[in-house]
Amino acid sequence: MKIIILGFGAVGQGVARVLSMKKEYLKDRYGLKPQIVAVTDRSGAAVNVNGLDGELLLNTKSETGKISSYPEYGVAGISSLKVLEDVEYDCLVEVTPTDIENGEPARSHILKAMGDGKDVVTSNKGPLALSFQELASSAQSNGVEFKFEASVGGAMPIINFAHENLAGCSIQSVYGILNGTTNYILSRMANEGSSYEQTLTEAQEMGIAETDPYQDVEGIDAACKIVILANSVLNLPVTLKDVEVEGISRITAESIALAKKEGLLIKLIGEASPDALEVSPRLVPKGSPFAVEGTLNVATLKTDLADDVTVVGKGAGSVETASAILSDILSIWKVRK
Amino acid sequence: MRFNLVLDLPDVPGQLLEALEPMGRLGANIVAVIHQRDVKTERGTVPVQITIEGDKETLDKVMDALEVKNIQIMAVDGVLRKEQITTVLVGDIVEEDVKETVTLLNQMEGVRVADLDLKMSDEPKNSATKIVMEADFGQKKEILKNIKEVGDQKGFLVINEV
Chain G
1 MKIIILGFGA
11 VGQGVARVLS
21 MKKEYLKDRY
31 GLKPQIVAVT
41 DRSGAAVNVN
51 GLDGELLLNT
61 KSETGKISSY
71 PEYGVAGISS
81 LKVLEDVEYD
91 CLVEVTPTDI
101 ENGEPARSHI
111 LKAMGDGKDV
121 VTSNKGPLAL
131 SFQELASSAQ
141 SNGVEFKFEA
151 SVGGAMPIIN
161 FAHENLAGCS
171 IQSVYGILNG
181 TTNYILSRMA
191 NEGSSYEQTL
201 TEAQEMGIAE
211 TDPYQDVEGI
221 DAACKIVILA
231 NSVLNLPVTL
241 KDVEVEGISR
251 ITAESIALAK
261 KEGLLIKLIG
271 EASPDALEVS
281 PRLVPKGSPF
291 AVEGTLNVAT
301 LKTDLADDVT
311 VVGKGAGSVE
321 TASAILSDIL
331 SIWKVRK
Chain A
338 MRFNLVLDLP
348 DVPGQLLEAL
358 EPMGRLGANI
368 VAVIHQRDVK
378 TERGTVPVQI
388 TIEGDKETLD
398 KVMDALEVKN
408 IQIMAVDGVL
418 RKEQITTVLV
428 GDIVEEDVKE
438 TVTLLNQMEG
448 VRVADLDLKM
458 SDEPKNSATK
468 IVMEADFGQK
478 KEILKNIKEV
488 GDQKGFLVIN
498 EV
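These protein sequences, in sequence, are chains G and A. Per this note's numbering, the very first residue in the first sequence carries number 1; after that it's consecutive. Per this note's numbering, the very first residue in the second sequence carries number 338; after that it's consecutive.
Isolated chain G (complex conformation) (with noise of 0.2 Å):
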C-alpha cells in the first residue's frame, strides 16, 4: 500500500514512526506492507516512489524542521496538490493543521484524492466540521473509503466503534467530554481550589494549553467534534454554525466549589442528538463515568438496544493519535486487499 502523508506535525510524524515501529507486525499479521512514497510540510515534500525511510523523514523533520532537506529526495517548495497530482499511491493520509474557518487546504487534498480514486484516513476537524456531507457523498459517488476516526477522541475508539462494535442499534444521542485541554484545566480547578486564569497559565507552561487557547477553552475544538459525531453517527446532516457554544472560560473556583458540596464536578460536554446540538459546562456526578481526570476523553452513546455505552482513552499525543490513523489504514487494506 503506497501512502501519501500530507502535514508532519505532531500526528504524521506519529504515523511515520507507527509504521516504521509496527513493520514486522503489520506485515505478519495482515500480509500489509505500508510504504510511505510522498510526505509534505510547509517546506515542500520528500517523494520516492520506492518508499522513504520512516527514521530517515523523523529524523530529518527533527534536525532540520523542514521535510524538503530529506537527503536526495527532497524537493523544496513544492504544493501538496501537485504531488498528489504527479505520485502514484493509493492511500492520503491528510493530517495538515485543523483550519475552522474554510477548512482548506485539506478539504482540496481530500477532494482531489477522491476524484483522483484514492482512499482517504484524515485527522483533521476543519473539513469535516465544515463540509462533512460534501465529503462524505464525493467518497460514496467516486467509490473511495473514507476513515477519520483520529478526528475525534484522539487515541479513544469511537466512530468505528459505533459503525462497527455497535452494529444493529440505533444510536439515540451523543455525549461527552471531547477536549482534554479542558477537562485538564477543570480537573485542576477541581482539585486545587484554583481560578481560571491561574490554572490555565499553568497549562500553557505545561505545554497541555496552546499559547492562543481560543479554540480549546472556547469549546470550539469541542463543537468541531460534535459536528463529526452528529453526522456519522446519528446521520444528522449539520455543520459547526448549527452548534450552541459555551466555553469554560466563565467557570469560577466558587461555582466548582459549590458544585463540589452537592458531590458534583464542572465538565465541558458536548452534547449530539435530533433535538441538542451543544457544547457546554455541565454538571456530573463524581463517581460516574464522566469524572475522568487529566486531559482525557469519554463519551458515551445511547442505544435502542445495548443501552449506554461508555468509552474513556487518550484525546491527544502523537504516537495515541497516529494509532487511530494505523486502525483507519489496517480497515481499508481489508477492504482492498
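No lab work stands behind these hints, which were simulated from the structure alone. All C-beta atoms in this analysis are idealised placements derived from N, C-alpha and C, irrespective of residue type, glycine included. It is possible that part of the hints are untrue.
[Unchecked claim] PhoX-like cross-link-like pairs, simulated, lysine-lysine; straight-line CA separation at most 25 Å:
#	chain 1	residue 1	chain 2	residue 2
1	A	K477	G	K302
2	G	K261	A	K456
3	A	K478	G	K260
4	A	K436	G	K260
5	G	K261	A	K462
6	A	K462	G	K260
[Stated by the list, open to error] One side of the interface only, derived from the structure: several residues of chain G facing chain A at Cβ under 10 Å:
#	residue
7	Y175
8	S195
9	Y196
10	A253
11	E254
12	I256
13	E262
14	I266
15	I269
16	L283
17	S288
18	F290
19	T300
Using the hints provided, position chain A relative to the given structure of chain G.
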C-alpha cells in the same frame, strides 16, 4: 397491599414523628421504618424508608395526608416520584435575581426549591449560586430549559446537569 416509601425529611427533631402520624391516624400498618440519622444527603436531609400496609384506599389517603403536610415523597415502590435537580449559576448575582429566579421556579407546577447556596467573590462577576430543586419525575428537561432562559436573560452562565 404494601407500599415502600422513601421520604426526604429535614434533620430537625420531631420530623419522623410528624411523618408517621397520618399513618397511625388513618389506620395503615407500619411494617418497617429504616431511619439512619447519620446517613444524610448532600443537603443535610435524612432519607427515611418506610413500609406501610393496608387497603388501597387507606394507603392513598396516607399519601394525600403526607402531601398536605408537605412531606417530600421521593419514591414509591422503587419508582421515583421526585427527582432532585441541581444547577449552578455564575455571574454578578444580586438579591433581586435570587428572589426572582426562586419565585419563577416555585411557580412551576410540581417544582420546589429545596436548597440555595451562594458563594460571593471579591470579583462580583465570579460569584456563584447553586440551586437544588425537587420536582415531579419527568420534568427535568423543561425545568432545565426554563433556568437556561432566565440565566441567558440575566447574563448568567448556567451550568446544568447532563
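**Study point:** Contradicted hints - numbers only
**Key:** Failing hints: none at all.
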